[in-house]
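J.: Sequence:
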Amino acid sequence: MASFFSDVGLMWYLEELNRKEFIKFKEFLKQEILQLGLKQISWTEVKKASRKDLDNLQLKHYGEKQTWDMTFNIFQKLNKKELIEGAEREIAGHPKLYRAHLKTKVTHYGFRAFNISIQDFFRKEFTKDDFDYFEDLFLSKRTEMKPHVREVFLYGVAGIGKTLLLKKFMFAWLEGLVIQDKFSYIFYFCCQDLKQLKTASLADLISSECPNPSAPIEEILSQPEKLLFIIDSLEWIECDLSEQESELCDNCMEKKPVNIQISSLLRGKILPQSSLLISATPRFEKMQDMIECTDVKIIKGFKESNINMYFHIMIRDNNKVHEAFLVRENEQLFTICQAPVLCWMVITCLKNEIEKGRDPVSICQSTTSLYTTHIFNLFIPQSAQYPSKESQAQLQSLCSLATEGMWTGTFMFSEEALRRNGTMDSDIPTLLDIGMLHDGHPSQHVKCIETLMFMFLKKVKVQWVFWGFIFGLLHRALEEKLEIFFGYSLSKKIKDKLCQCLKTISRNKSLQEEIDGMKFFCLFELDDEAFLVQAMNCMEQIRFVTKDYSDIIIAAYCLKHCSKLKKLSFSTENVLIEELDQSYMEKVLDCWNHMCSGFTRSKDIKVLQIKDTHFKEQVFQVLFESLRYPSFTLKELMVNNVTFYDGEHMFFELIQNCSLECLNLLSSLLSPSDVELLCKILIQSECKMEKVAHCKLSPDDCKSFAFVLMRSKSLKDLNLACNNLGQGISSLCKALCHQDCILKYLVLNNCSLSEQCWDYLSDVLSQNKTLRHLEISVNDLKDEGLKILCKALTVLESLSMVHCFITSSGCQDLAEVLRKKQKLKCLDVSNNKLEDSGVKLLCEAMEHPNCHLEDLGLDDCDITGASSENLSSAFIQCKALKNINLNGNVFEVSEMVFSDMLKQQKHSRLIFGLRITDFDNESPAFLVFEEKKN
Numbered sequence: 001m002a003s004f005f006s007d008v009g010l011m012w013y014l015e016e017l018n019r020k021e022f023i024k025f026k027e028f029l030k031q032e033i034l035q036l037g038l039k040q041i042s043w044t045e046v047k048k049a050s051r052k053d054l055d056n057l058q059l060k061h062y063g064e065k066q067t068w069d070m071t072f073n074i075f076q077k078l079n080k081k082e083l084i085e086g087a088e089r090e091i092a093g094h095p096k097l098y099r100a101h102l103k104t105k106v107t108h109y110g111f112r113a114f115n116i117s118i119q120d121f122f123r124k125e126f127t128k129d130d131f132d133y134f135e136d137l138f139l140s141k142r143t144e145m146k147p148h149v150r151e152v153f154l155y156g157v158a159g160i161g162k163t164l165l166l167k168k169f170m171f172a173w174l175e176g177l178v179i180q181d182k183f184s185y186i187f188y189f190c191c192q193d194l195k196q197l198k199t200a201s202l203a204d205l206i207s208s209e210c211p212n213p214s215a216p217i218e219e220i221l222s223q224p225e226k227l228l229f230i231i232d233s234l235e236w237i238e239c240d241l242s243e244q245e246s247e248l249c250d251n252c253m254e255k256k257p258v259n260i261q262i263s264s265l266l267r268g269k270i271l272p273q274s275s276l277l278i279s280a281t282p283r284f285e286k287m288q289d290m291i292e293c294t295d296v297k298i299i300k301g302f303k304e305s306n307i308n309m310y311f312h313i314m315i316r317d318n319n320k321v322h323e324a325f326l327v328r329e330n331e332q333l334f335t336i337c338q339a340p341v342l343c344w345m346v347i348t349c350l351k352n353e354i355e356k357g358r359d360p361v362s363i364c365q366s367t368t369s370l371y372t373t374h375i376f377n378l379f380i381p382q383s384a385q386y387p388s389k390e391s392q393a394q395l396q397s398l399c400s401l402a403t404e405g406m407w408t409g410t411f412m413f414s415e416e417a418l419r420r421n422g423t424m425d426s427d428i429p430t431l432l433d434i435g436m437l438h439d440g441h442p443s444q445h446v447k448c449i450e451t452l453m454f455m456f457l458k459k460v461k462v463q464w465v466f467w468g469f470i471f472g473l474l475h476r477a478l479e480e481k482l483e484i485f486f487g488y489s490l491s492k493k494i495k496d497k498l499c500q501c502l503k504t505i506s507r508n509k510s511l512q513e514e515i516d517g518m519k520f521f522c523l524f525e526l527d528d529e530a531f532l533v534q535a536m537n538c539m540e541q542i543r544f545v546t547k548d549y550s551d552i553i554i555a556a557y558c559l560k561h562c563s564k565l566k567k568l569s570f571s572t573e574n575v576l577i578e579e580l581d582q583s584y585m586e587k588v589l590d591c592w593n594h595m596c597s598g599f600t601r602s603k604d605i606k607v608l609q610i611k612d613t614h615f616k617e618q619v620f621q622v623l624f625e626s627l628r629y630p631s632f633t634l635k636e637l638m639v640n641n642v643t644f645y646d647g648e649h650m651f652f653e654l655i656q657n658c659s660l661e662c663l664n665l666l667s668s669l670l671s672p673s674d675v676e677l678l679c680k681i682l683i684q685s686e687c688k689m690e691k692v693a694h695c696k697l698s699p700d701d702c703k704s705f706a707f708v709l710m711r712s713k714s715l716k717d718l719n720l721a722c723n724n725l726g727q728g729i730s731s732l733c734k735a736l737c738h739q740d741c742i743l744k745y746l747v748l749n750n751c752s753l754s755e756q757c758w759d760y761l762s763d764v765l766s767q768n769k770t771l772r773h774l775e776i777s778v779n780d781l782k783d784e785g786l787k788i789l790c791k792a793l794t795v796l797e798s799l800s801m802v803h804c805f806i807t808s809s810g811c812q813d814l815a816e817v818l819r820k821k822q823k824l825k826c827l828d829v830s831n832n833k834l835e836d837s838g839v840k841l842l843c844e845a846m847e848h849p850n851c852h853l854e855d856l857g858l859d860d861c862d863i864t865g866a867s868s869e870n871l872s873s874a875f876i877q878c879k880a881l882k883n884i885n886l887n888g889n890v891f892e893v894s895e896m897v898f899s900d901m902l903k904q905q906k907h908s909r910l911i912f913g914l915r916i917t918d919f920d921n922e923s924p925a926f927l928v929f930e931e932k933k934n
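Okay, so the sequence shown: first residue is 1 according to the UniProt record's numbering, each after it adds one.
Just so you know, the hints here were simulated from the structure itself, not pulled from any lab data. Treat each hint with caution, since some may be false.
Below are the DMTMM-like pairs computed for lysine to aspartate or glutamate, each with C-alpha atoms no more than 25 Å apart in a straight line [as the list claims (entries may be wrong)]: (1) 255 <-> 235; (2) 226 <-> 331; (3) 587 <-> 331; (4) 255 <-> 243; (5) 182 <-> 238; (6) 791 <-> 717; (7) 564 <-> 636; (8) 787 <-> 860; (9) 825 <-> 759; (10) 39 <-> 27; (11) 825 <-> 859; (12) 168 <-> 129; (13) 716 <-> 653; (14) 603 <-> 578; (15) 47 <-> 21; (16) 300 <-> 45; (17) 168 <-> 181; (18) 782 <-> 859; (19) 688 <-> 604; (20) 80 <-> 235; (21) 60 <-> 45; (22) 744 <-> 860; (23) 564 <-> 586; (24) 303 <-> 135.
Label-pair restraints from in silico Cβ distances [stated by the list, open to error]: (25) 739 <-> 686: 15 to 25 Å; (26) 643 <-> 415: 32 to 42 Å; (27) 304 <-> 132: 13 to 23 Å; (28) 643 <-> 355: 19 to 29 Å.
Even for Gly, the Cβ is constructed at its ideal location relative to N, Cα and C.
Go ahead and model the full structure; you've got the sequences and the hints to work with.
T.: Structural data, given as structure tokens:
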């Protein structure tokens, strides 16, 4: 009886009493207390108590069992038979009955492919860390900054162990290990199953999870705060939380599409007091921003202890476990064992090889080798050496099906698709039996492939993982296996065709990082050193990111064979600073050494970018030694968002390399001492640095840099964008006025320049004889500041003032500048409210014979079609003008105006910067005609 109150509570039963019955209940309660000789509660308190207060008073003074005994007796005196029957049914144990049912479901279903006892797995591995983790999911302390968490999202790539973690949590709750008083019921909804339903009410979904159809739904729903809904694999249903409020459901009995029911739960429209635990792949990460009171946990997979234990559970024989666990020596394969589904694949394959008396190490050379061996084992009986004709045909049909799935991104196929690709109806039972097909859900093998996609390609093009497998199949040992299985040789031209495909997709510069990572994976799986050397010698530019140790292994394998590289960009994130055991770090450093050895082989590297990377001194030492070779003539170094944990002195020693001409420090923080050291390097007579970009400077640092501007014999380009220079601008401007300053390009975008700064810059423009390009965008210039600058615009060739709060009034001063015989060739005043009146002033000035403007930027300047004739006339009359950019303005440009402009088009191409929607109805057709004519 005691567990009854923790599961259901007295509150619900008291709510079923009307006012008179509730008053009578209190009187009978007073009698019960006297008759039992219990310590009395103040009658005044009892008389005033609400149903909730009375519930709390009884539990506080008499405990759960005594409270129920008294309540049961009072219900009999009140002749409330329906409440007595309901209570008896609950005491008989519906929550307990449900728990028993859920335990059976958790331990005997849903994890069959792993072929292990899930109770063994959970019991052996439930640690204090697990206890703390599960307790913290919903019992985090409530603060003003962090309200009570209603929903917890578990994010992780496919196959990384989200479902396993959810089942482990349910098992712990069922065993009474965690949050016992928090929930009376936990309902597990698998979205792969829910997707099969068209419509259902929430009550229907709950009933389907109960052991019998007569579940007390109303009683279950009466305490929503005691309910936890686990929603597994949210990505399987179309639930993006974009539905209108009116589409959602607030009635547990109302039937709606399943995705609407789930959205209603997530958005708190239905049972807002309940709790939710949701698992999803990373593409649903943005959903957390759309829901209040959520917490997010990232699932990273098995630790080494989990993997070790898993080997013992699946293989059991200690000698065979030791033999199979030699996979630990292959770090790349061991890394994929972090994903439970891949760990299962690895162990299953190794176990089969050992049972057949084969050497398991030989199949651990690559992921492709391991997976191919496993597939072949499924189709070749244990007692046979070769497949039957039937097995060959079955696998060929699945290969055809996989090809269709690869190009369409499909993993769920109809029987029609199976037949279309050659699978006979009679084959389906066999394929289901060996696990190559799975009725209703993707097979375990499909989950393996999907997980590999995410692990190796990090949310890039999912089809690209197949490139790695295809290249892996070209390895000589695997070619022989394929020939034996299918009975014929592969075409020798396949490798050449694949290389040509790689060259073709490499032309997509916007995907360079992902493409190069994919190429590395392909070459690693192929494992052909001669071909690797040939391929790497064709690469002059490489960009890649390493997110884990597996990536480091693959990159090291490829980069140590570079010799023709000219441009390299890489990121290692936190991989090189993880606090792991000594043996692990030794292996990481060994791979890092191989990576860096590519620099000494590639003596022609001119551009190097290191970004999003954290260095310890020991790690940076390796890179430093590789880059300081006398034959290494680096010209441009970009160090972006890089953190040094000691070792900064080596970085500054590195940039003293006399060949270096450009240094970019975007998002890399410099201390005052770092800035001082950099400045000392820049003024050395042997320094050839011509460009320094994105230094993080404080106002005090400007004094050091001012000295550089006066002393450096090489610095011509300085980009100080996104610094709050404050009073430091005064020091810089004084240095820029110095007769020995040779700076040509100065960028001061978004530097919080104040009104006084424009006088300083005006002096610079008047006195500096070398400055040709100035950018002061995203500063509070306004028309007043522009007037000051315009008086001194004599030597500038290029001026950018984007988003500087200039209006049409300021255009009068700009127009005066354009009319004078000036050197100004490029002017960008985009994102300023110039309007048609301001543009008219500029256009009239551009028609003056003294105007030499070639490029004009007028993006988002509130210009309308009323300016089209002025722009057309300026373009025709201005002899130098080549490009006008008008993006983001509202136009209806007539055909006649464009006709005049196109007829007068110069030798250089006009970049007009208009969207097709900016034209009137006739203009698009006219432009097509002109394009064909030209």
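J.: All the hints need checking, so say for each whether the structure fits it.
T.: Status of each hint after checking the structure:
Proposed proximity of residue 255 and residue 235 is supported: the alpha carbons are some 22 Å apart, at most 25 Å. For the given pair, residue 226 sits about 45 Å from residue 331 by alpha-carbon distance, which is inconsistent with the 25 Å threshold. Restraint check for residue 587 and residue 331: the C-alpha separation of about 9 Å stays at or below 25 Å, so the hint holds. The suggested pairing of residue 255 with residue 243 holds, with an alpha-carbon distance near 16 Å, which does not exceed 25 Å.
At roughly 30 Å between alpha-carbon atoms, residue 182 and residue 238 are farther apart than 25 Å, so this suggested pair is violated. Taking the CA atoms of residue 791 and residue 717, the gap is near 24 Å; set against the 25 Å cutoff, the hint holds. Under the criterion of a C-alpha separation no larger than 25 Å, the hint pairing residue 564 with residue 636 is consistent with the structure, at around 17 Å. Restraint check: the Cα-Cα separation between residue 787 and residue 860 comes to about 22 Å, which is no more than 25 Å; the hinted pair holds.
With a CA separation close to 23 Å, the supplied pair residue 825 and residue 759 stays within the 25 Å bound. Pair hint residue 39 plus residue 27 holds up; C-alpha atoms about 16 Å apart against a cutoff of 25 Å. Using a Cα cut-off of 25 Å, the hinted pair residue 825 and residue 859 holds, with the two alpha carbons roughly 17 Å apart. Distance restraint check for residue 168 and residue 129: the Cα-Cα separation of roughly 13 Å lies within the 25 Å cut-off, and the hinted pair is therefore satisfied.
Taking the CA atoms of residue 716 and residue 653, the gap is about 22 Å. The hint holds against a cut of 25 Å. A threshold of 25 Å between alpha carbons decides the hint, and for residue 603 with residue 578 the separation of about 31 Å lies outside it, so the pair is violated. Straight-line distance between C-alpha atoms of residue 47 and residue 21 comes to about 13 Å, which keeps the hinted pair within the 25 Å bound. For the given pair, residue 300 sits about 53 Å from residue 45 by alpha-carbon distance, which is inconsistent with the 25 Å threshold.
For the proposed pair residue 168 and residue 181, the alpha carbon gap of about 18 Å is at most 25 Å, so the pair holds. Distance check on the hinted pair: residue 782 and residue 859 sit about 17 Å apart at the alpha-carbon level, within 25 Å; holds. In summary, the hint linking residue 688 to residue 604 is supported, as the alpha carbons are separated by about 18 Å, within the 25 Å threshold. For the hint pairing residue 80 with residue 235, the CA-to-CA distance comes to about 48 Å; that exceeds 25 Å, so the pair is violated.
Of the pairs offered as hints, the one joining residue 60 and residue 45 holds, with about 13 Å between alpha carbons and a cut-off of 25 Å not exceeded. Straight-line distance between C-alpha atoms of residue 744 and residue 860 comes to about 29 Å, which puts the hinted pair past the 25 Å bound. For the hint linking residue 564 to residue 586, the alpha-carbon distance of about 29 Å lies beyond 25 Å, and the restraint is violated. A threshold of 25 Å between alpha carbons decides the hint, and for residue 303 with residue 135 the separation of about 20 Å falls inside it, so the pair holds.
Range check, residue 739 to residue 686: about 23 Å between beta-carbon atoms, so the 15 to 25 Å window is met. In this structure, residue 643 and residue 415 break the distance hint of 32 to 42 Å, their C-beta atoms being roughly 56 Å apart. In this structure the hint that residue 304 and residue 132 lie 13 to 23 Å apart at CB holds, the actual value being about 20 Å. Remark: the range hint 19 to 29 Å for residue 643 to residue 355 is contradicted by a beta-carbon distance near 49 Å.
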